[in-house]
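J.: Produce the complete structure using the sequences and hints provided.
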Amino acid sequence: MAEYAANGEMPEVLFWVGCAGSFDQRAQRITKAFATILDKVGVKFAILGKEEMCTGDPARRAGNEFLFQMMAYNNIQTMNMYGIQKIVTACPHCFNILKNEYPALGGNYEVIHHTTFLQQLINDGRVRLKEAGGFKGKKITYHDSCYLGRANNIYEAPRAVLEALDVELVEMKRCRTNGLCCGAGGAQMFKEEEAGDTRVNWDRTAEAVETGAKVIAANCPFCTTMLVDGVKKQEKEDDIAVLDIAEMVAQSLAD
Amino acid sequence: MHLIQQIFFIICAGVAIYLFAKKVGSIRRNILLGRDEDLNDNPGARWKNMTLLALGQKKMFKKPVPALLHIAVYVGFIIINAEVAEIILDGILGKHRLFAPFLGPVYGYLIGFFEILAVLVLVSCAIFLIRRNILHVRRLWMKELNGWPKSDANYILITEIVLMSLLLTMNAADQILQARGVEHYLATSPFWVSSHLTGLFDGMSTGALIALERTCWWLHIVGILAFLNYLPYSKHFHIILAFPNAYYTRLIPQGEMKNMKDIQNEVLYMMQPELAPPPAEGAPAQHRFGAKDVQDLSWKNLLDAYSCTECGRCTSSCPANLTGKALSPRKIMMDTRDRLEEVGRNIDKNKEFQDDGKSLVHDYITVEELRACTTCNACVEACPVGIEPLSIINQLRRYLVMEESNSPQEWNLMFSNIENNMAPWKFSPDERDRWAEEMGAS
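Chains A and B are the protein sequences, given in the same order.
Using the working numbering, the first residue of the first sequence is number 929, and each one after it goes up by one.
Using the working numbering, the first residue of the second sequence is number 2, and each one after it goes up by one.
Hint data in this document are derived by calculation from the structure and do not stem from the laboratory.
Remember, it's a predicted structure, so these values are computed and weren't measured experimentally.
Quick reminder that beta carbons are idealized off the backbone N, C-alpha and C, glycines included.
Be careful, since some hints might not be right.
Under the rule of at most 30 Å between Cα atoms (straight-line distance), these lysine-lysine pairs were calculated in the BS3-like manner [said to hold, decoys possible]: (1) A:960 <-> B:427; (2) A:972 <-> A:1067; (3) B:60 <-> A:1101.
Label pairs and their in silico Cβ distance ranges [stated by the list, open to error]: (4) B:52 <-> A:1140: 50 to 56 Å; (5) B:80 <-> A:1084: 52 to 58 Å; (6) B:80 <-> A:1064: 51 to 57 Å; (7) B:364 <-> A:1064: 44 to 50 Å; (8) A:931 <-> B:272: 22 to 28 Å; (9) B:80 <-> A:1140: 44 to 50 Å; (10) A:1056 <-> B:363: 54 to 60 Å; (11) B:272 <-> A:1011: 19 to 25 Å; (12) A:1179 <-> B:339: 53 to 59 Å.
T.: Right, here's the structure in full:
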């Protein structure tokens, strides 16, 4: 972003990468896939790079409002300084907090989740997909993340992208508004689960595996981690892939 | 004789309504112990929610079988109340079937229609009893319901069955008395259900039938007045509070957590001290961050607690509960109500609240329960009347972390990583865009 600003230019959109997308090895692949798509179709985008900080979501959900407010203050200062108008992010937690919770603190931006952005790019003909992509006719199930689904009522855009990939979408019993959490939200990602009979991600992955799908499609780096772990627990990692929708699109781009 | 009955009826009804109003008043006071929150914006959307959720029972239909049974009881309850209006007027004026002469044959059809509803209510309640006590539907058979909550549910269902049976017996006796041309028992067209029940009582003398009819009439109406007074002590109060609760339910996206303006300002003044207002004379004492007890919650959280009918749809969709954790969103609501009632009794006794050494956190809701929440909003989504257990959980968590510094070691680590490295993991902020460098290199 600093480079754009130095040249007096404004990118079409700011890609908010998020901490998982920046640091987590698995999530970096999602980040790279999404950036590849943007590059390929010629979307002028910027990242904040080293100036990006945690949105404060895990702190706020855990109850640490002070820390959240500090992070939000700094991020909003940075983004307002650059005059950011439009943000796309591949993390539904960042999406939710930037879209719904930053405005009260003076951060007003148009915020789009990357699955919605991809759907728009496909609809506008900017993203062109292979006629016979690798996912054509493949049995695929889609896991609704809580922060995209129930939190923000976005259920159709990711499914529309899967439809464009020509997959055979098999829904889990608990989907859309009834979707089961992967177990990572509310800062659970950063601590051991409380004592119980089983783990949330094991339960959810078992449901996904039961559909007979070869790919579990996700839209959130935390869900992806949890589902990958769940697939390993079932010793199915050679048969079933957990992929972010951006990775699926990146693999299916027409030349 | 008639006059004595009339006077007795008016006294019964008067006392019942007075007691009910008094209890409702104390519940209103309890709810208003909560923090202020302005929820009067966008009345159009609020009326729509009330119409769809409370009146239209939209979310109930996520589970079609109980939804149909519930709608039978609900519609029956509301429509049969039209007949209760007649019964009350009869009682006050010392008349019998006041509306019959005005409506002619239509009266018989109307009562017949009410009777069909009464049968539907009766059958539905019987099925509900079976689901609770024999089939042991999981969400209706969990340990948090042991004791009073289970009994409460059964008392409600049994009372409704008894009331409907009294209504049908009364009408059946009435029909025989009509046929025998007994004075006062004005002939109507046959009632659709009770006209088939007359065989049960045909052998009785006219005197015995009049006694039966009168007894049923009195038990039915006194039963209704007693039930009215039972409501505010019971989970069944939802039949009233579902409406305001759906009206005041959240309009903003479910994912949005409420901002804490005082903390926002504190951070702002820390970053830009020039904006801080000069310390005001006699500034109000600092209140607590987050919620420790019911008074720290918003009035809407407290209305939620009284509106909960303990159906357990929240708990049966909660990922933590489904995987055996201690958390149950329904229990959060039940605990909030129980504690609020306790605080209310404390105020009744001492004029104002005297510290009883207890609080909602710890004494009612444990830290383990609060820690298990994934903030997934499944409980909020599931609630047919717009209750938000997550809102209470979030506020209690804020109290634990900010006032008690009570958080697991891993969270403390996460906090310090965010503070020092601007990310919840221990990575150097300089590495944040390494992925981009790697891409650029390839």
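J.: Hint by hint, work out which the structure violates, then give me just those numbers in ascending order.
T.: Failing hints, ascending: 2, 4, 5, 7.
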